[in-house]
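Whenever a hint applies, use it, and build me the whole structure from the sequences.
One letter stands for each residue in the lines below.
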Amino acid sequence: MEYILEVENLTKRYESFVLNKVSFYLENGKITGFIGRNGAGKTTTFKSLFNFVHPDDGEVKVFGKSFKDNELEIKGRLGFVLGSASYYPNKKIKTITEAAKTFYSKWDEQIYRSYLSRFALDENKTVAKLSSGMKVKYALSLALSHHAELLILDEPTSGLDPVSRDEILQIFLDLAEQGITILFSTHITSDLDYCADNIIYIKEGEIIAANKLADFINQYQILEFTKENLSKDLISKSIGHRRTKTGTSLLFNKGMVVEHPHKKVKTDLDAIMVHLEQEHSL
Amino acid sequence: MKKLLKKELLLSFHPTAAIFVAMAAMVLIPNYPYYVSFFYAGLAVFFTCITGRENNDVFFSMMLPISKKDIVKARYGYVLLIELTQILLAVGFALIKSVLQFPANSAGIEANMAMFGVALFMLSIFNLIFFAIYYRNVKKPGVAAIFASVAYFLLLGIFEMLVFIIPFARDKIDTFDPLFWEYKLIILAVGVVSFIVINILSYLSSVKNFSKQDI
Chain C
81 MEYILEVENL
91 TKRYESFVLN
101 KVSFYLENGK
111 ITGFIGRNGA
121 GKTTTFKSLF
131 NFVHPDDGEV
141 KVFGKSFKDN
151 ELEIKGRLGF
161 VLGSASYYPN
171 KKIKTITEAA
181 KTFYSKWDEQ
191 IYRSYLSRFA
201 LDENKTVAKL
211 SSGMKVKYAL
221 SLALSHHAEL
231 LILDEPTSGL
241 DPVSRDEILQ
251 IFLDLAEQGI
261 TILFSTHITS
271 DLDYCADNII
281 YIKEGEIIAA
291 NKLADFINQY
301 QILEFTKENL
311 SKDLISKSIG
321 HRRTKTGTSL
331 LFNKGMVVEH
341 PHKKVKTDLD
351 AIMVHLEQEH
361 SL
Chain Z
30 MKKLLKKELL
40 LSFHPTAAIF
50 VAMAAMVLIP
60 NYPYYVSFFY
70 AGLAVFFTCI
80 TGRENNDVFF
90 SMMLPISKKD
100 IVKARYGYVL
110 LIELTQILLA
120 VGFALIKSVL
130 QFPANSAGIE
140 ANMAMFGVAL
150 FMLSIFNLIF
160 FAIYYRNVKK
170 PGVAAIFASV
180 AYFLLLGIFE
190 MLVFIIPFAR
200 DKIDTFDPLF
210 WEYKLIILAV
220 GVVSFIVINI
230 LSYLSSVKNF
240 SKQDI
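For the record, the sequence lines run as chains C and Z.
Take the numbering used here: the last position of the first sequence gets the number 362, and nothing is skipped along the way.
Take the numbering used here: the last position of the second sequence gets the number 244, and nothing is skipped along the way.
Each hint should be verified, as a subset may be incorrect.
What the hints assert, rightly or not - Derived EDC-like pairs: lysine to aspartate or glutamate, alpha-carbon spacing no greater than 20 Å straight-line:
1) Z/LYS32 x C/GLU189
2) Z/LYS241 x C/ASP136
3) C/LYS172 x C/GLU189
It should be emphasised that the hints constitute simulated quantities derived from the structure, not laboratory data.
Structure below.
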């Protein structure tokens, strides 16, 4: 299969953190959510993908071409948004656009105007006067107006109210329908439930899952036990745990047969993540 | 280069840069160490870089289809434009001064060809030091400005002192144009060549340093 983005063994070592052999692949026209708790390595991964930081090892291919050898061509075909439009707060967005568009050979003024109108963006406003949701929409307008085939966004829904978040996610769905591939990081799991086809899960600098979202959720089961029914054997067989009001819930692989009395708990992305990330031991 | 300069002028230009460039008019002050006026061009460089830091300029630039080398090239193009504009303006003011026959400058060298040659050299040293530090860590333009400013004022002191203590400099260099023009033309030529060579070397080294830097 031909992938839009191929990342293999991407490694970046810092004194207190290691992005360790990160590998994943993006399929054309799919929405992929990149999740992990704060500090897990999501932003470092994005920065390493596009040479903001220098990876110690690994290879990144975009549109089948090595990013390192084809940086400018590839950047011209993708939209990369780190932290919404948090640049030049006192500049009017029309000034920023004027400066940016000259670098894109495929810039389409008509499409840009249509996005401004669709997102109700006033180009005479400064970035500082845009709400968080509007900043994301502006960043998207810039990216989409040069016909980006791949959109990579770092926490685009972070800090947005539920309505703005929903709007952004609906835009993602529309874009995916048009064949645009989207990778966005988030720690809000409901964003992924709503629109993601695939999921990449990073924990402490390592990818622990890169699956279809439904497959990822279906591989787990969460069962709740009272204090009396909980045994050390059960805990050792589980892959995550969480204290609850009435006992302890444990995360197991789906095939795992458990004979102790238990109660089934709804197994969704949020619950899986919470169990996998639990740090204190039982 | 045209696109890169356009981006710099639209997004990195700060109104104070225009004011600092206009400081070229300081060569009209009757008694003044005129090299000070060119330091304002250096200040404009610092203000541009610190404003860029606050505006996430490097981050924005990295998202565009331009390389790190282009980001450095854009900044050098912009900085040289500011510095040369200020020099050209100062040349204009010096000509006006000459036509109006201002009295001799008792606080430093006359605004003559040699002074412009030395100013070009001093600005190139400012750039060399500023960018050597800045492109190792674009988050700290203040440190770069401190070192570059100290170097600039040391040179300013040395060059002003030379026209006081060396008889040749006092009698032939610190004079109105076109007197002894052949000596002053040599200094101007050395200044122009050093400005070109030092800035090219500085640019190449900055590209190397910035390419290695994690953003």
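Status of the hints after comparison with the structure:
Taking the CA atoms of Z/LYS32 and C/GLU189, the gap is about 17 Å. The hint holds against a cut of 20 Å. Simply put, Z/LYS241 and C/ASP136 have alpha-carbon atoms about 12 Å apart, close enough for the 20 Å limit, and the pair holds. About 17 Å separates the Cα atoms of C/LYS172 and C/GLU189, which keeps this hinted pair within 20 Å; it holds.
Against the hints set out earlier in the document, no violation occurs for any number.
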